[in-house]
Structure formats: C-alpha cells, structure tokens
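Protein chains: 2
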Amino acid sequence: MTFELDKKNILGKTDKSQKGEIDEDVLELVELINSKEEYYTTSSCSGRIVVIEMPESGRKDETKWLLVKHRPVSLQEIKDSIKSEEDVWLKQEGMILHVCCKSIEAAEKLVNLAKNSGFKRTGMVSVNKRYVVEVVSTENISTILSKKGKILADDEYLSELFSECNKKLKQNKKKISQFTCNFS
Amino acid sequence: MTFELDKKNILGKTDKSQKGEIDEDVLELVELINSKEEYYTTSSCSGRIVVIEMPESGRKDETKWLLVKHRPVSLQEIKDSIKSEEDVWLKQEGMILHVCCKSIEAAEKLVNLAKNSGFKRTGMVSVNKRYVVEVVSTENISTILSKKGKILADDEYLSELFSECNKKLKQNKKKISQFTCNFS
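From first to last, the protein sequence lines are chains A and B.
Position 17 of the first sequence, counting from 1, maps to 17 under our numbering, and the rest follow consecutively.
Position 9 of the second sequence, counting from 1, maps to 9 under our numbering, and the rest follow consecutively.
Among the hints, erroneous ones may be present.
In this list, chains with the same sequence are indistinguishable; a pair is considered to hold if it fits within one copy or across any two.
[Said to hold, decoys possible] Straight-line distance between alpha carbons at most 30 Å, and here's what the computed DSBU-like set of lysine-lysine pairs gives:
(1) Lys13 - Lys148
(2) Lys69 - Lys147
(3) Lys13 - Lys79
(4) Lys64 - Lys109
(5) Lys174 - Lys148
(6) Lys147 - Lys91
(7) Lys7 - Lys83
(8) Lys174 - Lys147
These are calculated hints, taken from the structure and not from any lab test.
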C-alpha cells in the first residue's frame, strides 16, 4: 500500500483512544503535521497528570487508571483519586506523538525539529515497513503516593508535588507551541 | 571515514565520562556489543540514583549533582546529600546506551532486541551521518525532595522512596541481563 493511501485510511478512521478525540492542546500541531504531504500522525497525547494503581506484578496491562487529566489539577482531585489497596503512583508526562514519515529524510528532519523544540528523547522507533518517529521529552515526574491503602506523602508534600506537576504541564505547553512554530 | 576506522578511533579513546570508566553492571553488555562487527558503543550508563540541585532557570547546564550512585543507596546517603538552597530533586534512571550501527538494518535489529528486552523507549536518534540507536527504558522515578533549603518529604516518605529506587535499580539490572542474553 502506498504512503498516501495509508495516510488517508489512518486519518479517516474513528479515533480509538479512550478519550475518542485529539487533546485540545496538541490539535493545532497535529493538524499542521497532517497537512504536510510527507507526514501523518498515528497517536498523540498533549501531556497529562495521572494517578495509577500499580499491581505487585508491575505488569502494564494490570495497572488501573485512577485519574487522568490533560490540564492542571487541584490537590483535592489527587487526594480523592488515591483509593486503592495496591501501590498508587503519580505521574506527570509531557507530550507524546507518533508520526509516520514518507522517507527517512523526512523522518530525520522531524527528529531534529522536535529535539530543537525541547523534545530531547525523540527518535525513530521503526524503519522497517514504515518510518515512525516518536516525539517525546525527557522531563517528567514519577513517584509513589500510597502503599497498601496508606497514603505515604503528607498534605504539604502532596501540595508541592501537584504544584510541580502543574508547572511542568505549563512548560510542556510552551514546548508544544515552540514545536508548532518551528514546524510551520 | 569508514565505520571500521571510526569504531577503532572511538573505542581507542580515553573515557571522557565523569567516572572515567564503564559501569560494572553494563560492562559485559558493552563488550558484547563492541565485539560485533556492525556495532560500537559511544556512551553507556548502567542506571543510577541521583540527587540534583535544579536552578530556578531549569537549565540543564546549571544543575549541580549532589549524589550519583550506580548501586542501591541508603536513606542516610540521600538525606546527607540534600544540602542546598535551591530545589533538590531525586531521580532514578535505568540503563542508557548509545550505539553506532553500520547499517540501518543493523540499527533496526538492535532497536527490536532492546524493546523486546524491556527497553521500550529505544529509538534511532540519528540517521544522517551515522546510524545511532539510543537504548532507554520508560520506567523511572523523578520527584522533588526539598525547596529553598527545606526538606519537603518526611523520613517515612523518603524511606519508601529510596526503597522504590533500589527496587527499580534491581529490575533494571534484570533487564540488562535479559538484553545481554537476547543479544548473544
């Protein structure tokens, strides 16, 4: 199948993500990428704050999402979400994009653009049948909140944590704007 | 310059890292990779626990390393290291490797091997003059410890945190063994 046909098929499909639509903060960038002849996106997340239940096994398919927000959160929202007998973790993650590229040169160009916009961990994750670039940043927050139902961090610590999460989410938004600007 | 000559030059150079030598836990894997005709490593870290001072600017070149250990740490070691008027963060990072590959096929093979060994964020970071693969994992810990000289987390929280860091460091070691095994 040609790249053009693949692009048409993928972009024409129903959004299979949990949310069912592209995050608002990344919509302009996604549309810009898809407007270029040599690229199309296959998945996107604008960046988020999540609270997850981690099973003892550590298996990703057994984790349970207690809170997922693509916007700043309040301390109360985080506290309300920690209801589990398993280990509960807080994570703040930056934007992540997967982009199919028509040629290896187009992929290389995208990798450099993303890196120069602050997404330092960007790389080509597949070059076999398709050239797929994963755009991702090195900055994140990831820490434990509760163990066997007992909240480990006190209010003061939780308060600093959620304020750092919100700060990083804002910095991430700036990087998205920078990337959008560099890509235009 | 040919790949073979580059490889000879790079591997013959003095180790310019802070430590000045390859981490013990990753030595077998690094030597195995370098024994193959189509690969050579340009940098490696076996995984580590670090305490860093983050300047207000957030600039990486202004951060200061207060503790860097490639082995499990004690609670006291972490506490002793938090001496700063700036924000102090704790990070646990898994193995990171940069590998030059002779061809795009060799690079693709390495990306797949690393992913199947648990290093899910592996990708090709350069395909321009050289094919460079960055082997890296998604799992980490990253959280704030103190702000303007005031420790935010109490002893109980710090104790859980350092135990989680040590646990992840052990899991990371298992993944290195798995990768070494898959690569052989």
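Verification of the supplied hints:
1. Lys13 - Lys148: Neither: 41 Å inside a chain and 50 Å across chains, both beyond 30 Å.
2. Lys69 - Lys147: Cα proximity of lysine 69 and lysine 147: in one copy and across copies (22 Å, 25 Å).
3. Lys13 - Lys79: neither (37 Å within a copy, 52 Å between copies)
4. Lys64 - Lys109: neither (37 Å within a copy, 33 Å between copies)
5. Lys174 - Lys148: between (37 Å within a copy, 25 Å between copies)
6. Lys147 - Lys91: both (16 Å within a copy, 20 Å between copies)
7. Lys7 - Lys83: This pair counts as neither: shortest intra-copy Cα distance 42 Å, inter-copy 53 Å.
8. Lys174 - Lys147: Answer is between; shortest inter-copy Cα gap is 24 Å, intra-copy 34 Å.
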